[in-house]
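Using the hints provided, position chain B relative to the given structure of chain A.
Top to bottom, those sequences are chains A and B.
With my numbering as the guide, the letters of the first sequence map in order to residues 1 to 341.
With my numbering as the guide, the letters of the second sequence map in order to residues 1 to 341.
No lab work stands behind these hints: they were computed from the structure.
What you are looking at is a predicted structure, and each value in this text was computed from that prediction instead of being measured.
Don't take each hint at face value.
Because identical chains share one entry, a pair is satisfied inside a single copy or across any pair of copies.
Mimicking DSS-like on lysine-lysine, the simulated pairs with C-alpha atoms at most 30 Å apart in a straight line are [what the hints assert, rightly or not]:
| hint | residue 1 | residue 2 |
| --- | --- | --- |
| 1 | LYS42 | LYS157 |
| 2 | LYS93 | LYS311 |
| 3 | LYS160 | LYS50 |
| 4 | LYS300 | LYS42 |
| 5 | LYS255 | LYS300 |
| 6 | LYS167 | LYS93 |
Protein chains: 2
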Amino acid sequence: MTAASTPLFLRACRGEATPRAPIWIMRQAGRYLPEYRAVREKVSFLELCKTPALAAEVTLQPLRRFGFDAAILFSDLLVPLEAMGLEVQFTEKGPGLPAPVRTPADVGRVAPFDPEARTGFVMETIRLVRKELPADVPLIGFAGAPFTVATYAIEGKTGKTFGETKKFFYQHPAEARRLLALIGEATRDYLLAQVRAGAQAIQIFDSWVGVVSPDDWDDFVLEPTRALVAAVRASGVPVIYFPNGATTILDRVAKVGADVVGIDWRLPIDEARARLGGAAAVQGNLDPSLLLGPVSVLEKRAVDVVRRGGKRGHIFNLGHGITPEVPVDNVAALVAAVRGA
Amino acid sequence: MTAASTPLFLRACRGEATPRAPIWIMRQAGRYLPEYRAVREKVSFLELCKTPALAAEVTLQPLRRFGFDAAILFSDLLVPLEAMGLEVQFTEKGPGLPAPVRTPADVGRVAPFDPEARTGFVMETIRLVRKELPADVPLIGFAGAPFTVATYAIEGKTGKTFGETKKFFYQHPAEARRLLALIGEATRDYLLAQVRAGAQAIQIFDSWVGVVSPDDWDDFVLEPTRALVAAVRASGVPVIYFPNGATTILDRVAKVGADVVGIDWRLPIDEARARLGGAAAVQGNLDPSLLLGPVSVLEKRAVDVVRRGGKRGHIFNLGHGITPEVPVDNVAALVAAVRGA
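Here chain A stands alone, though its shape is the one from the complex (with noise of 0.2 Å):
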C-alpha cells in the first residue's frame, strides 16, 4: 500500500497529517443503534460475543450507516479474563465472577491461555469483518488494559471505590504486581493473535485507571502497561491506550510509550497534547452527552475538538463511549459536522 493509499485512521495513528480528521467512535456498535438492538433481542450478550457471524454483523453495523473512518471489534473486556481461568457471568446487572481473585493463592488460577483454543470466536470475528471491510477502513482490536482487568478479577465486578483491589495492591505487593504480570502477558498473547488474525491497530482500554493515584499508578500500574504495550508494537501495528479518567497525569502516561493516547473529555485536547509533551498522537474527545442535546450545541463543540485537536495525529472520537439513549440522527451529524470542519 502506498502512503497516499494509507487509510486516514492509520495515518492519524502515525502522526501524520491528514487532509481531514479521521472519526470513529467508542463503543459505536451498541444499544443506540437499532439494528443492534434487533440482534440482542434473539441473543444474550456473551452468544453475541461468542458468535463470530452475529459479532461480525453488529461490528459492521455502524460502518454501514455512518461509514466510519475505523470498525473495531465488537467483544467484552472480560472475555479473555474467563479465557485466563476466572470464571465470569454475565447478568443484567453487569459482569461478576463468582471467585474473584482475593488472597495470594488466588493469583495462580490466572494463567496465559492459548487465544486461538480458547478464544477462537474472537479471532474468526476478526476474520469475517475483514472480509467484509473496504480496503480504506481499518479493524481495531482491543482488550482491557492490566489494571482494569485486575480489578475485574479482584472486586468480583464493576468496582465502585476500588477498596478491594487497592487494599490487595497495599497488602500483597508483589502478588499483586505478578497477577498484573500475567494478565498483561495473557492480554499480550491474545491482542497478537487478533494481529495474526487482521487486526490493524490495537486499543487498550484502561476504563478505571482514573481511581488510582499517582504512587500507585508509579508502582503498580506503570509497568505491567508499557510492556503490553511495547510487545503489541513490536508486531507491527500502532496501538492506542485510553486511560480514563487520568487526564490528571498525562505526563505519565506518556511513559507507557502508546503511539496514540485516547484523551477522555476532562481537558482540552489542545492541553492534552501539551501535557503528553508531543509523545503521541491523541484520540478524542467530545463529551458523549453532548449527543443527548441540541444538534447546533454538537456541531459548534465538535468542530472546536477538531480545531484544538488538529489535523496531524489526531483522531476524532468522543471522550467515552456512546450511551443508548443517543438519537442516531445525532451520530449522523457529528459525523458530517466533524467531515465538514
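Okay, now just chain B, sitting in the frame of chain A:
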C-alpha cells in the same frame, strides 16, 4: 484571639505557616465508627440529621476518639435542596427525588428559603456543637456546590453519566444558569445562617463536578460557584472548595477564589498547589483506600503527603471521604503519623 492562639486549622486556611499540618478527615463522623453505628441503629439517617442533640453527638464522636484539629457539622448535601422546595426521600439505596427538575417550568419550583425556619435543626446542631468544642477546634459548616446540588435536582438521584443534567444544560442553557443561580443564592443564605449560628469555616463540596468538560465548567459552573464563595467569604470565615475529580482543571478551579482548595488523591498535592498557581491553600490528599491496607504503607504515604503538602497553607485530609469498612485503629495510626511528620 491573638495570632498565636488562633487554631492551627484556621491558620492553615489563611495560608499561614503552622508548626504541624492540622488534620481532619472527610466523613469523619460516619459508619466506620462503632459509636456512630450505635446511634444509627436507633434512628434513620434523616432523623439523625434532623435531631440536633443526635447530630451534635455524632459530630463530636470522632473528636473525642482522635482529637482532630477541626469538627465538621453532621448533615447531608440534600438537606437544603429539600428546603428549596424539592421533595427528597432517603432510602437504603441512597437519596431520591420523586419529582426532579426536567423542564424549564420545573425551575420555578426551586426557591431560596429562610434557613432558621426551614433548617433550624442544622443551626441548632451548630450551636450545640460549639458549646462542647474546645477553643482550639473550629467547627466547619458545609453545603453542596451549585453544580452538585443541581445534579441531584435534575437527575433525581446520585448520577452515573449525568446525561440528564448535561442534556438540560445544552437544551435550556438560560434556564440551567437560572437554576444554578437559584441554588447558589439559597445555599448562600443557608451557609451564612450556619456562620451566624457558629460555623467558623465553610466547606463547599462539589462532589460530581469531575464529570463536566472544561467548556461546561466555563459556561455553567464557574460563575455560580465563584459568587457563592465570594458571598460566604464576605462574612469573614474561610471557605474550602472541594472540586472532586477536577484536579485536571485546577487552573480553572483557582478562579473560584476559595481560601482553600480540597485536592482529591489523583495528583500529588505539591503538583496540585503548583497548578493552582499559589492562589489558595490546599487540603488533602491521601487516597482513602490506604486506610484499608497495612499500617506501614499508610504511614509512609501519609508522611509523604505531609512532606509534599508542606506546613504552610496545608490542611491534611483524605482525598475523599473515609469508607465504612476502615478499621478505627488505622485512623488512630494515621493521626499519629501526620502529627509526628
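Do the hints match the structure? See the list:
1. Taking the closest pair of Cα atoms, LYS42 and LYS157 come within 30 Å of each other only inside a single copy of the chain (25 Å); across copies the shortest separation is 33 Å, beyond that limit.
2. In this assembly of identical chains, the alpha carbons of LYS93 and LYS311 never lie at most 30 Å apart, being 40 Å within a copy and 47 Å across copies at closest.
3. Taking the shortest alpha-carbon separations for LYS160 and LYS50, both the intra-copy value of 28 Å and the inter-copy value of 29 Å come in at or below 30 Å.
4. Taking the closest pair of Cα atoms, LYS300 and LYS42 never come within 30 Å of each other, the shortest separation being 39 Å inside a single copy and 54 Å across copies.
5. Proximity of LYS255 and LYS300 under a CA criterion of 30 Å is satisfied inter-copy only: 25 Å between copies versus 33 Å inside one chain copy.
6. Taking the closest pair of Cα atoms, LYS167 and LYS93 come within 30 Å of each other both inside a single copy (25 Å) and across two copies (25 Å).
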